[in-house]
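Construct all of the structure, not just a fragment, from the sequences and the given hints.
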Amino acid sequence: MDTQALLEVKSLKKYFNMGKAGVLKAVDDVSFQIFKGETFGVVGESGCGKSTIGRTIIGLYDATDGEVLYNGKNIHKMNNKERFAFHKKMQMIFQDPYASLNPRSTVGEIISEPMEVHGLYKDKKKQMERVYELLEDVGLNRDHANRYPHEFSGGQRQRIGIARALALDPEFIIADEPISALDVSVQAQVVNLLRRLQKEKGLTYLFIAHDLSMVKQISDRIGVMYLGNLVELTTSNQLYKNPLHPYTQALLSAIPIPDPDVEDKRERIILQGDLPSPINPPSGCVFRTRCAHAMPACATMKPQWQEIDENHYVACHLYNKKVMGESNHSQIAATK
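Each residue of the sequence shown is one higher than the one before, counting from 1 in the numbering used here.
Some hints here could point you the wrong way.
Here are the simulated lysine-lysine pairs, DSSO-like style, with alpha carbons at most 30 Å apart [unchecked claim]:
#: 1; residue 1: Lys-81; residue 2: Lys-10
#: 2; residue 1: Lys-88; residue 2: Lys-10
#: 3; residue 1: Lys-88; residue 2: Lys-73
#: 4; residue 1: Lys-89; residue 2: Lys-77
#: 5; residue 1: Lys-89; residue 2: Lys-10
#: 6; residue 1: Lys-216; residue 2: Lys-302
#: 7; residue 1: Lys-10; residue 2: Lys-201
#: 8; residue 1: Lys-199; residue 2: Lys-216
#: 9; residue 1: Lys-241; residue 2: Lys-10
#: 10; residue 1: Lys-89; residue 2: Lys-13
#: 11; residue 1: Lys-73; residue 2: Lys-201
#: 12; residue 1: Lys-302; residue 2: Lys-321
#: 13; residue 1: Lys-36; residue 2: Lys-10
Restraint ranges, calculated between C-beta atoms of paired labels, are given here [claimed, not checked]:
#: 14; residue 1: Gly-19; residue 2: Glu-151; range: 39 to 47 Å
#: 15; residue 1: Gln-304; residue 2: Arg-147; range: 51 to 59 Å
#: 16; residue 1: Thr-300; residue 2: Asn-71; range: 34 to 42 Å
#: 17; residue 1: Arg-83; residue 2: Arg-147; range: 29 to 37 Å
#: 18; residue 1: Asp-96; residue 2: Asp-123; range: 27 to 35 Å
#: 19; residue 1: Tyr-121; residue 2: Asn-71; range: 20 to 28 Å
#: 20; residue 1: Lys-77; residue 2: Phe-35; range: 20 to 28 Å
#: 21; residue 1: Asn-192; residue 2: Val-23; range: 39 to 47 Å
The hints are simulated quantities; they were obtained by calculation from the structure and are not laboratory data.
Backbone N, C-alpha and C fix where the C-beta goes; we use that ideal spot for every residue, glycine too.
What follows is the structure, given as structure tokens:
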């Protein structure tokens, strides 16, 4: 992993006008960096804004506010010519491998379409040779180029989607829940494929998922989202070893442990209540309505993003000495 930030997200907001219902705050003031060659995982419950972040970064949605910088250039300030060239560098793998593939096109046509749009090959024979190479890269074979998406299993269709994403030789790939629609037995195969391709082609990933156990296998760093807000960010190992935010702790407690003796003794953290509506989020800390540690300050003050340990960031009043006081802070740190 390089120390150079390939992508910078600064105070990103994405709101949707819902008419009389109000404004849906899908992404609300989120900031992070992704370094060249790393896999940055984003996790959280359904509806927390994970996919919206990915779609806003790549430009499928316009940002309401904030910046998305790719190699220092604001994606949302690019003109049409610049945006066209940019899409050769950044591609997306979608969640549903069937809905994202044109059922009327052959696999060869699906994979070659980006090449034709960008005019990469004048020689059709060379273009098809490239299609065959991509199919073999993702574990399929050249005979599959003449078949249609409905003739493949879910795992094979996702491999086709990965091949299409690689067609323009991108630097950065947004994988939007690429394994959630697949059987458990196939998920590990697709994750291993993505890891191999990253190593061979020097790719950088934004890996979006709700399965924390699978995200750990592929991610260098992980950001945890709740109701449009980033609540914790650190390395994959540190997040599992020492989760700080109560929401992260609850998510990790839901992951089963293979050892039955350990699993029987482990205490599961059950969150109370339902996920609030992003149209009318709670004041102050958005997690306070489901948090066992909520206190008066949580209702009036939004937690500040702070670095607790090296490269370990959290937004929670439990780690704010001004809110907690020195004695309470020490007590929580000792008993956590």
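- Please test the hint of 27 to 35 Å on the beta carbon pair from Asp-96 and Asp-123. For Asp-96 and Asp-123 the Cβ distance comes to about 33 Å; the hint holds.
- Pairwise hint evaluation, Lys-10 against Lys-88, where the allowed Cα distance is 30 Å at most: Roughly 23 Å separates the two Cα atoms, so the pair holds.
- Query: Is Lys-216 close enough to Lys-302, meaning Cα to Cα at most 30 Å?
  - Reply: Judged against 30 Å, a Cα distance of about 28 Å means the pair holds.
- Given the range 20 to 28 Å, decide if the beta-carbon distance of Tyr-121 to Asn-71 lies inside it. holds, 26 Å
- Message: Checking one constraint from the list: CA of Lys-73 to CA of Lys-201, max 30 Å. Satisfied?
- Response: holds, 23 Å
- Should the hint that Gly-19 and Glu-151 are 39 to 47 Å apart at their CB atoms be regarded as holding? holds, 42 Å
- Query: Okay, Lys-77 versus Phe-35 on CB: inside 20 to 28 Å?
  - Reply: holds, 23 Å
- Item | Restraint check for Lys-302 with Lys-321, where alpha carbons must lie at most 30 Å apart | The hint holds at about 15 Å.
- Message: For the hint 34 to 42 Å, verify it against the beta carbon of Thr-300 and that of Asn-71.
- Response: holds, 40 Å
- Message: What's the verdict on Lys-88 and Lys-73, does the C-alpha distance respect the 30 Å limit or exceed it?
- Response: Between Lys-88 and Lys-73 the Cα gap is close to 15 Å, so the pair holds against 30 Å.
- Are the Cα positions of Lys-89 and Lys-10 separated by 30 Å at most? holds, 20 Å
- Message: Looking only at beta-carbon atoms, does the pair Asn-192, Val-23 fall within the given range of 39 to 47 Å?
- Response: Holds, at about 41 Å.
The structure is consistent with each of the numbered hints, conforming to all of them.
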